[in-house]
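Peer 1: Line order of the protein sequences matches chains U and L.
FYI, the numbering for the first sequence is 1 to 619, going by the working numbering.
FYI, the numbering for the second sequence is 1 to 121, going by the working numbering.
Certain hints may be false.
Restricting the straight-line Cα-Cα distance to at most 30 Å, the calculated cross-link-like pairs of lysine-lysine (DSBU-like) are [to be verified]:
hint, chain 1, residue 1, chain 2, residue 2
1, U, K85, U, K113
2, L, K87, U, K85
3, U, K23, L, K9
4, U, K267, L, K8
5, U, K545, U, K606
6, L, K47, L, K87
7, L, K28, U, K68
8, L, K97, U, K267
9, U, K456, U, K435
10, L, K2, U, K35
11, L, K2, U, K68
12, L, K87, U, K334
13, U, K267, U, K160
14, L, K87, L, K97
Note that these hints are calculated values from the structure, not bench results.
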Amino acid sequence: MSLKRIDLLICCGSGCVSAGAMKIKERFHEVLQEKNLANEINIIETGCMGPCDYGPVMVIYPEGIFYKKVTEDDVEEIVNEHFIKGRPVTRLMLHNDEEQTFSTKKEVPFYQKQVKVALANCGFIDPDSIDEYIATSGYEALGTVLTTMTPQDVIHVIRKSGLRGRGGGGFPTHIKWQMVHDNVADEKYVICNGDEGDPGAFMDRSLLEGDPHRILEGMMIAAYAIGATAGFFYIRAEYPLAIKRIRHAIAQAKEMGLMGDNVFGSKFCFDAEVRTGAGAFVCGEETALIHSIEGGRGNPSPKPPYPALQGLWGKPTIVNNVETFGNIPTIFLKGADWFASMGTETSKGTKVFALTGDIRNTGLVEVPMGITLRELIFDVGGGMTGGHKFKAVQLGGPSGGCLTVEHLDVHVDYESLKERGAMMGSGGVIVMNDKNCMVNIAKFFMDFCVDESCGKCSPCRIGLKQMLDILEKITNGNGKEGDIEELQRLGEAISKLSLCGLGQSAPNPVLSTIRYFREEYEAHIRDKSCGTKVCLDLMHFDIDKDRCIGCSLCARKCPVTCITGSREEKYTIHQLDCVKCGNCQDVCPVKAVNRIPGMHPEVLAKHTAEANLTSHHDD
Amino acid sequence: MKTLADLKKIREKAQEEMKLRGSSVRVKIVVGMGTSGIAMGAREVMKTFLEEISNRNLTDVLVTQTGEKGLSSMEPVVDVIEDGKPKVTYGNMNPDKVKKVVVEHIVNGRIVSDYVVATGN
Chain U
1 MSLKRIDLLI CCGSGCVSAG AMKIKERFHE VLQEKNLANE INIIETGCMG PCDYGPVMVI
61 YPEGIFYKKV TEDDVEEIVN EHFIKGRPVT RLMLHNDEEQ TFSTKKEVPF YQKQVKVALA
121 NCGFIDPDSI DEYIATSGYE ALGTVLTTMT PQDVIHVIRK SGLRGRGGGG FPTHIKWQMV
181 HDNVADEKYV ICNGDEGDPG AFMDRSLLEG DPHRILEGMM IAAYAIGATA GFFYIRAEYP
241 LAIKRIRHAI AQAKEMGLMG DNVFGSKFCF DAEVRTGAGA FVCGEETALI HSIEGGRGNP
301 SPKPPYPALQ GLWGKPTIVN NVETFGNIPT IFLKGADWFA SMGTETSKGT KVFALTGDIR
361 NTGLVEVPMG ITLRELIFDV GGGMTGGHKF KAVQLGGPSG GCLTVEHLDV HVDYESLKER
421 GAMMGSGGVI VMNDKNCMVN IAKFFMDFCV DESCGKCSPC RIGLKQMLDI LEKITNGNGK
481 EGDIEELQRL GEAISKLSLC GLGQSAPNPV LSTIRYFREE YEAHIRDKSC GTKVCLDLMH
541 FDIDKDRCIG CSLCARKCPV TCITGSREEK YTIHQLDCVK CGNCQDVCPV KAVNRIPGMH
601 PEVLAKHTAE ANLTSHHDD
Chain L
1 MKTLADLKKI REKAQEEMKL RGSSVRVKIV VGMGTSGIAM GAREVMKTFL EEISNRNLTD
61 VLVTQTGEKG LSSMEPVVDV IEDGKPKVTY GNMNPDKVKK VVVEHIVNGR IVSDYVVATG
121 N
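Take these sequences, add in the hints, and give me the full structure.
Peer 2: Structure follows, in structure tokens:
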């Protein structure tokens, strides 16, 4: 007999788990046991609820009360006050700057502009329970498709919905499927690309962790449409929880007869397995991914032939992104017209984004296509932290580009982003405030791409390294006139000549930052000055003599003893010896140590003299 | 599992398990669980509601709780809220009265006026 009266949903996405969600769950079990309430309250682990910044988060039904930043010590209070006496703990609710309290999940502004399709169940159901997925109409789409539609009908529905690949490129899904459908072969394969590798992106991981059955169902519908009998989930080994959950989902589906031979009494037979990747960024490229599954080295190969003709083991294959599969069951349940009613002319439906950076609500969001960047960053994302100003947003990770304040009203869709030098990418959104140096950001992404280049083609292997060298010179004060043009020349050549998407898109962060922040590059090169004081070689520390109280703390903490002075004369930094560790600034009790943009004149003079000397040697 | 009907059966059972998370709820029973309510036996009242509802397999009834309702002299106090109808508040509840309310009001739609202390908001 069930006496359950409360469903306690604890977010067990990776963000909340690292913030201590598991310990909190254990503590709840203990306290409920102690108070003899264990049979009245369901504790459910869910996938990512989205607002990772507030983790660990939880939602308590039936009221839908939302608690944030819960600690182990709060558990007893929640049980005593909320569960026993029915008084929700206001202290743990979300408040805004105006002291307004948002008690339920529905009220939280973070959720209000979101439309959840792929993420509908993420944070709402227990991902390890096939029953809970079925309760949300799970596997109904598959059943309907298998019993009432032909494969060609399925492709027609996808075509009508306007669904495009969510992995980055935005290739229309139905065209891929049609090509494989039309190819006659004894075997065909379907692959789910879960090799998400962009810094700051965690959409695929959260989907696989939070609602694995949805992805599985989407994959099976795709398999039926193209005539495949086997599927592979390619997931990087860094995502152990995602791998565990999807394996569990496959086992449950088999046990229930939703996967295997003659599903729903039809002729459709299907089996899926997980292949783990070793974490190489290039394996997100479909041909490299296929080679990796085959057991070979994860290197891309020239296209054509496209995988739709000759893919896995030479057989016709579709490779779709996790999120693409995540949309499919809902398209069949709610109809292609419903899906196509969201979004813009060319980009339909919704898109999942991972919001990160200097933004208040970092986390996982799903919004309709065509939303403006302003809404995404300031309404859903809650704006910038610490009262800083918005400077730029990097969309699409190392393959994408930076957009600026002037682009805030751009509608997010595949075409309009591409036009402006960024791209949808898989959905990583890194928001930056005015403390970020754009040259440094470009260098960071270039460094990533140089590391991740597989080395098969020379434009990417050699060219990217050349670009990185130039960026390093610019940021350490050795930039010279013509460097910007050289970067552009190299970037354009690499984009055109590289074998695969990695090399073709790797110059984008550099090219887009040059396009929108050229003056920052010029200041680095000509004035030897980093306006944001991020590039250590292009800034210096200085002690404000008027504020200095002569306490000598900075001098004592300086690791290279380059600060001298006395109580009367105050303290001075000897710039030539300074290693820019910043200790003096940290320890100063009166904040007399400042960061100043630009090389100190003494350092600059020495630097110029040395540069002249080496150039004479070169001659 | 061979047919969509089989799937539907599993779905209905699973939805029942998940009904706290807000699916179709016809009646909401709110038990006042403030200090005085608990002192007067509100926990027993709530437990009886849960048992009765589960015994009768009433899938569209939700039992939940709230804080002090301000009617300390009439604790335990229970609200029965139905869509489109004025709220009914019962006072001085005990497990026996609960059983009667479930049979009369929740199942048959007849308000047990003897126990009612207020109606409307």
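Peer 1: Given the hint that K23 (chain U) pairs with K9 (chain L), test it: the Cα-Cα distance must not exceed 30 Å.
Peer 2: violated, 36 Å
Peer 1: Against the 30 Å threshold, does the CA-CA distance of K28 (chain L) and K68 (chain U) hold or violate the hint?
Peer 2: holds, 27 Å
Peer 1: Measure nothing beyond the straight line between the CA atoms of K87 (chain L) and K97 (chain L); if it is 30 Å or shorter, mark the hint as holding.
Peer 2: holds, 18 Å
Peer 1: Given the hint that K267 (chain U) pairs with K160 (chain U), does the C-alpha gap stay at or below 30 Å?
Peer 2: holds, 26 Å
Peer 1: Holds or violated: K267 (chain U) and K8 (chain L), Cα atoms, limit 30 Å.
Peer 2: Cα-Cα ~21 Å, so holds.
Peer 1: Is the Cα-Cα distance between K87 (chain L) and K334 (chain U) 30 Å or less?
Peer 2: violated, 35 Å
Peer 1: Need the status of pair K456 (chain U), K435 (chain U): alpha-carbon distance at most 30 Å?
Peer 2: It is violated: about 37 Å lies between the C-alpha atoms, which goes past 30 Å.
Peer 1: Keeping to a limit of 30 Å between CA atoms, is the pair of K545 (chain U) and K606 (chain U) held or broken?
Peer 2: Roughly 25 Å separates the two Cα atoms, so the pair holds.
Peer 1: Please verify whether K2 (chain L) and K35 (chain U) have alpha carbons no more than 30 Å apart.
Peer 2: Violated - the C-alpha atoms of K35 (chain U) and K2 (chain L) are around 44 Å apart, more than 30 Å.
Peer 1: Take a quick look at whether K97 (chain L) and K267 (chain U) sit within 30 Å of each other, Cα to Cα.
Peer 2: Roughly 57 Å between the alpha carbons, so the hint for K97 (chain L) and K267 (chain U) is violated.
Peer 1: Just to be careful, I want the Cα atoms of K2 (chain L) and K68 (chain U) compared with a cutoff of 30 Å; is the pair within it?
Peer 2: Roughly 43 Å between the alpha carbons, so the hint for K2 (chain L) and K68 (chain U) is violated.
Peer 1: K87 (chain L) and K85 (chain U) were given as a pair; does the straight-line alpha-carbon distance stay at or below 30 Å?
Peer 2: holds, 21 Å
Consistency with the previously given hints fails for numbers 1, 3, 8, 9, 10, 11, 12, ordered from lowest to highest.
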